[in-house]
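Chemist: Given next are the chains, with one letter for each unit.
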Amino acid sequence: MPQQGPSWDLVADIQLLLQFHFMQNAFIAGTLVALLAGAAGYFVVLRGQSFAAHMLSQVGFPGAAAGVLLHVSPVLGLIVFCLAAALGIGWAGRDLDAGHRAESAAVGSILAFSLGLGLLFFRLYAGSAAGIYSFLFGTILGISDRDVQLTLAVAVLSFAALALIGRPLVFATVDPDVAEARGVNVQMLSIGFLVVLAFAVAITVQIVGTLLIFALLVAPGASALQLTARPGRALALSVALSLAFTWLGLALAYFTDLPVGFFITSLAFAAYVLIRAAKGAAAVRGGKLRFREPSFATPN
Amino acid sequence: MRDEVGLVDKKPDGRATAAVFDRAAVRLGGKVVWRDVSFEVAGGEFVAILGPNGAGKSTLLKALLGIVPLTAGSVKVFGQPVRRGNDEVGYLPQRRRFDPDLRIRAIDLVRMGLDGGQWGVPLPSKSKQERVEEMVALVGATGYAQRPVGELSGGEQQRILIAQALVSGARMLMLDEPLESLDLNNQQAISNLIRGICQRQGVTVLLVAHDVNPILPFVDRVVYVAGGQVVCGKPADVIRTETLTRLYGAPVEVLTTSDGRLVVVGQHEPVSYHADH
Chain F
1 MPQQGPSWDL VADIQLLLQF HFMQNAFIAG TLVALLAGAA GYFVVLRGQS
51 FAAHMLSQVG FPGAAAGVLL HVSPVLGLIV FCLAAALGIG WAGRDLDAGH
101 RAESAAVGSI LAFSLGLGLL FFRLYAGSAA GIYSFLFGTI LGISDRDVQL
151 TLAVAVLSFA ALALIGRPLV FATVDPDVAE ARGVNVQMLS IGFLVVLAFA
201 VAITVQIVGT LLIFALLVAP GASALQLTAR PGRALALSVA LSLAFTWLGL
251 ALAYFTDLPV GFFITSLAFA AYVLIRAAKG AAAVRGGKLR FREPSFATPN
Chain V
1 MRDEVGLVDK KPDGRATAAV FDRAAVRLGG KVVWRDVSFE VAGGEFVAIL
51 GPNGAGKSTL LKALLGIVPL TAGSVKVFGQ PVRRGNDEVG YLPQRRRFDP
101 DLRIRAIDLV RMGLDGGQWG VPLPSKSKQE RVEEMVALVG ATGYAQRPVG
151 ELSGGEQQRI LIAQALVSGA RMLMLDEPLE SLDLNNQQAI SNLIRGICQR
201 QGVTVLLVAH DVNPILPFVD RVVYVAGGQV VCGKPADVIR TETLTRLYGA
251 PVEVLTTSDG RLVVVGQHEP VSYHADH
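Those protein sequences? They're chains F and V, same order as listed.
For the first sequence, the positions run 1 to 300 when this note's numbering is used.
For the second sequence, the positions run 1 to 277 when this note's numbering is used.
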């Protein structure tokens with residue numbers, strides 16, 4: 001795929017990266033995805049909803065396949081299926097989020113069924129494994145201009161929604177009883193966030209695929225929350241990490257011709273392990289005092 | 001800090017009425033929790049809400065907060081019909097501890113009491129920040145307010161939550177079992193803190209408790225909930241064998257231990273409160 005390998009000349013490397021239209025699309029979509037996934041990921045981790053994110057992505061898989069089968073955008077199919085699943089989870093209540101107890105068996109069955117359904121749709125369409133592969137593990141090749149436009153619209157809308165509901169959502173997450181007494185509609189916020197999460201999942205699947213969604217939607221938020229307990233900073237850090245993983249992952253995939261999903265997940269995993277290890281070492285060395293929040297007199 | 005007397009109807013003794021229940025009733029899931037409940041709380045009073053498990057003590061607070069609707073009668077707070085989101089009312093729900101892994105600073109939690117329910121991105125505000133710090137200092141939590149709330153001890157978390165409940169300018173503080181799961185030292189410290197807020201800030205306190213003994217010395221009045229009924233009065237008048245037997249509709253005995261603690265016992269089992277329910 002690339003004519004030349006990367007050099008130490010960063011400008012030349014970037015020109016090399018973006019010389020093809022498909023890579024431009026991959027970077028535009030990837031950037032939008034990283035911004036939204038990083039922001040939504042902060043709330044996912046704070047709310048302990050990683051499992052819901054995973055569930056949405058798997059239910060989205062047959063949606064993508066249906067989109068391909070019906071000759072509409074696969075992203076559109078993803079959005080429709082993820083939205084339906086989000087409203088379903090919202091309807092069923094909070095019990096599903098934790099993913100344990102009796103529901104886990106039912107949820108597992110639904111997830112397996114949705115993957116099977118996706119398999120059928122892809123088979124009906126082309127009978128090739130390439131489409132399935134890219135939606136399970138992500139791709140940098142297949143993002144069309146129309147998908148980029150759709151991604152832009154989804155990202156802008158979801159970002160606006162997050163900016164609007166973010167503050168009461170944190171309140172409702174951390175302290176639901178008090179939030180309710182203070183006039184916050186905790187249940188509507190919960191459903192509202194699941195809808196935003198459905199959008200975030202739908203566009204994130206394009207880059208990292210159904211099975212590797214954690215890399216962008218959970219890992220950056222988890223790493224950020226390890227580093228700071230300040231909501232604003234953690235949110236910004238989560239977005240920054242998500243952007244870094246995506247850009248680096250796309251570049252590495254382009255120059256090595258290895259799957260982008262592998263690089264993004266590896267970067268996300270490495271960052272998380274490093275941060276945990278550093279925190280652990282600091283706790284041992286400094287009697288748990290280092291890496292704690294610095295106590296400035298004027299916070300915020 | 002704050003005017004003791006608000007712009008509400010005054011009682012003959014000059015104190016404002018903080019809360020009024022008038023023939024109020026609540027039904028939850030088809031079952032009457034309590035009915036024909038009538039009592040008043042004067043501004044600045046320290047009121048303990050007592051009674052056995054499941055009698056509807058928490059429901060009494062939730063009715064005052066506007067979370068649980070009445071099926072009959074009325075309830076007013078500072079002369080106004082109850083509503084959620086009233087800045088004059090602070091609330092500490094019954095809870096277990098915060099998740100130790102919860103990564104949000106204690107001071108952020110206090111700030112939520114001020115504007116956590118509003119839409120949109122919070123902008124930095126010096127006046128709000130100062131208000132938050134003032135409340136943190138009031139409850140003596142300045143030393144650990146920057147730490148993640150999950151890392152704090154039970155007593156420290158309670159102080160933070162009291163600051164959160166007061167930060168919006170609350171003149172009434174409702175606490176649901178705030179001393180539960182605290183060790184004796186912290187029970188003492190937290191009840192002293194609440195008493196100080198009641199006396200010095202003129203904040204009306206309604207406190208749901210299993211055990212009246214840690215707060216008995218400074219309770220003005222007791223609201224005793226049992227058998228779908230409520231009796232209200234001075235501790236010595238309410239926590240008596242005759243009153244409680246009538247309320248429970250079954251023989252109940254109030255014993256006083258040698259150190260002045262009150263223990264309520266039924267025929268077969270302790271009906272209500274010991275130090276560790």
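Do not take every clue at face value.
Here are the computed distance ranges between Cβ atoms for each label pair [said to hold, decoys possible]:
#, chain 1, residue 1, chain 2, residue 2, range
1, V, S181, F, V195, 31 to 39 Å
2, V, A236, F, V195, 55 to 63 Å
3, V, A137, F, S7, 35 to 43 Å
4, V, G143, F, A277, 49 to 57 Å
Stretch by stretch, here's where chain V covers chain F in the computed footprint (C-beta under 8 Å, at least three residues) [to be verified]:
#, region
5, 161-174
6, 177-184
One-sided and incomplete, this derived list gives chain V residues near chain F with beta-carbon spacing under 7 Å [stated by the list, open to error]:
#, residue
7, F39
8, A42
9, G85
10, W119
Hints listed in this document are in silico derivations from the structure and should not be mistaken for laboratory results.
All of these numbers come straight from a predicted model, not from anything done at the bench.
Where is the CB? At the ideal position from N, CA and C, for every residue including glycine.
Chemist: Give me the numbers of the hints this structure contradicts, sorted from smallest to largest.
Modeler: The structure conflicts with hints 3, 4, 7 and 8, although it agrees with all the remaining ones.
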